[in-house]
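**Q** Chain by chain, the residues:
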Amino acid sequence: MSTPPFATELADSTPAKAPGPLKGSAAALLVPQARLSGPIPWVIAIMIALVVIAAAGGLALNNLTGNARAELSGAVTIQITEANETLRKQKAATAAEVLTAQDIVASLRVVPEEELDEMLRPWLGDGAGSQDLPIPALIDVQLSSASGPEEIARLQAALDADVPGARVDAQSEWLQPVYSALSSLQYLALALIALLTFACAAAVWLAARSAFSNHRETVEIMHLLGGTDAQITRIFQRSVVRDAAFGGLVGLGLGAGAVWLLGRQFAALDSGMVAGGVLGMSDWIIIALIPLAGVALALVTGRYTILMALRRML
Amino acid sequence: MAMNERAGDTVNFDNVGLRYGTEPEVLSDLSFTLFPGSFYFLTGASGAGKTSLLKLLYLAQRPSRGGIRMFGKDMITLPREQLPTYRRRLGVVFQDFRLVKHLTAFDNVALPLRLAGVPESELQKPVDDMLDWVGLSHRVKARPATMSGGEQQRVAIARAVIGRPDMLIADEPTGNVDPEMALKLLRLFEALNRLGTTVVVATHDVHLLKKVPESLIMRLNKGRLTDPTGALKFPPRSTGPMGAGQ
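Quick note, the sequences are listed as chains A and B, same order.
Each residue of the first sequence is one higher than the one before, starting from 1 at the first, in our numbering.
Each residue of the second sequence is one higher than the one before, starting from 1 at the first, in our numbering.
Treat the hints loosely; a few may be bogus.
Claimed, not checked - Each computed DMTMM-like pair below joins lysine to aspartate or glutamate, with the alpha-carbon atoms no more than 20 Å apart:
| # | chain 1 | residue 1 | chain 2 | residue 2 |
| --- | --- | --- | --- | --- |
| 1 | B | Lys210 | B | Asp178 |
| 2 | A | Lys89 | A | Glu115 |
| 3 | B | Lys211 | B | Glu190 |
| 4 | B | Lys211 | B | Glu180 |
| 5 | B | Lys101 | A | Glu220 |
| 6 | B | Lys101 | A | Glu217 |
Please keep in mind that the hints were generated in silico from the structure rather than gathered at the bench.
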């Protein structure tokens, strides 16, 4: 009987411990993948698309709120309620003089009556210009700083002396309920993203467990032949990352397409406020990073799931 | 030293017991030493605990009590992460072969080398040579499902010995082959043994025991080791390279 052809020289040169990961075809051989035929890449694609839409919505709302706040932060409206038209005009002129003397006032404009009538016409119809329906005089004031309670009180005090009955309102206060609503929507978008992230991790967890379960026999054999947890985990990670990358790209395409279409629809409204919500370059960069975050999440979840399963084996 | 052992011992069991869950012990009070370069047969009736003992030897199971040292290391306290290093020093022929079903004969035999980090470019020749040696050079691309029991067994044996392990553990390795092939496989184990590998073969084939005259016999009876030939001493004596029998 001849001596069997052991891989003696190979065994002698083999590192005593911590061999590297199995690469390329060798790894693919051990855990053959029915890649992209299973539901997980598509589940990830849907999740990523929804995250992209939620993130785009949140970012647009953030831009809209920010722009509105910036525009209205120093804006104040003076309202003079006086039934007598002559007196009302006199009071408005006096108020304008008083306000001009204030150092915190950067500019002001007495809103012409015709403009007020035009603004109210959709609600009052032809009655808007009627002498029988007195309309308060309005003065738009732009302060040199933000309109805080202190500035409002100062203007009110200055007006009270010469123009009794004049009322000072910060325009930002009128929009406070709108800001609150927008803020709630932003939190809703964040909550949606958090839920979708959790759902995505759960899907990957289930997929990794299922893949591990399907290949448990192979994993046990590899373990008994000296395969390390790192080697085995890397094999599964490869397929998880491939699935997540595919799902991420498809999801980004779907989500970005939906956002673009919605953007066009809103742009058609031709509203100044909506225009403030346009997504900028930095927003699109954040959106483009979502699939990468998805792949990283899948990688970490997949790795953790497989390691946990392996640690239950000796 | 807490356990009976010598520095060069391959395996040292000290009062080892094994139970699964809350069941009674399937192995009790096992104390023995396996010495480098020795050839052991492990015999016993069905259900005596042979496979359980082999599981302890090939590090698929930890004992419920007692101590096990292998290659000079305490396997009880050895961190789990370090087990693969020692598993790579073992060659195992499982009773049910445990071939990876979707891999070819070539890839099954190459698996231990790949796991040990041998580059792909260096695999072809040794694997081809080993498959040729076990008479399967014509079945290189065959998958287990298309092989006979005997062919699968030879692939399993080729996989176990390809890396020239320090210890070969075989569970009924000749159970599915004809007498001629059984003898050939036994000669393979002997050749490996001559190169310094400790060989442990579990079998209930008494005829096989006579084919390797220099072998030592361990007999399991209801989970306890007996010493029918007087060749083994429990606890072992610290003598001779063939150890137990000297």
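**Q** Please go over all the hints and tell whether each is borne out by the structure.
**A** Verification of the supplied hints:
1. B:Lys210 / B:Asp178: Holds, at about 17 Å.
2. A:Lys89 / A:Glu115: With Cα atoms ~15 Å apart, A:Lys89 and A:Glu115 stay inside 20 Å; holds.
3. B:Lys211 / B:Glu190: holds (10 Å)
4. B:Lys211 / B:Glu180: It holds: about 12 Å lies between the C-alpha atoms, which stays within 20 Å.
5. B:Lys101 / A:Glu220: Within the cut-off at roughly 13 Å; holds.
6. B:Lys101 / A:Glu217: holds (9 Å)
Checked against the numbered hints above, the structure violates none of them.
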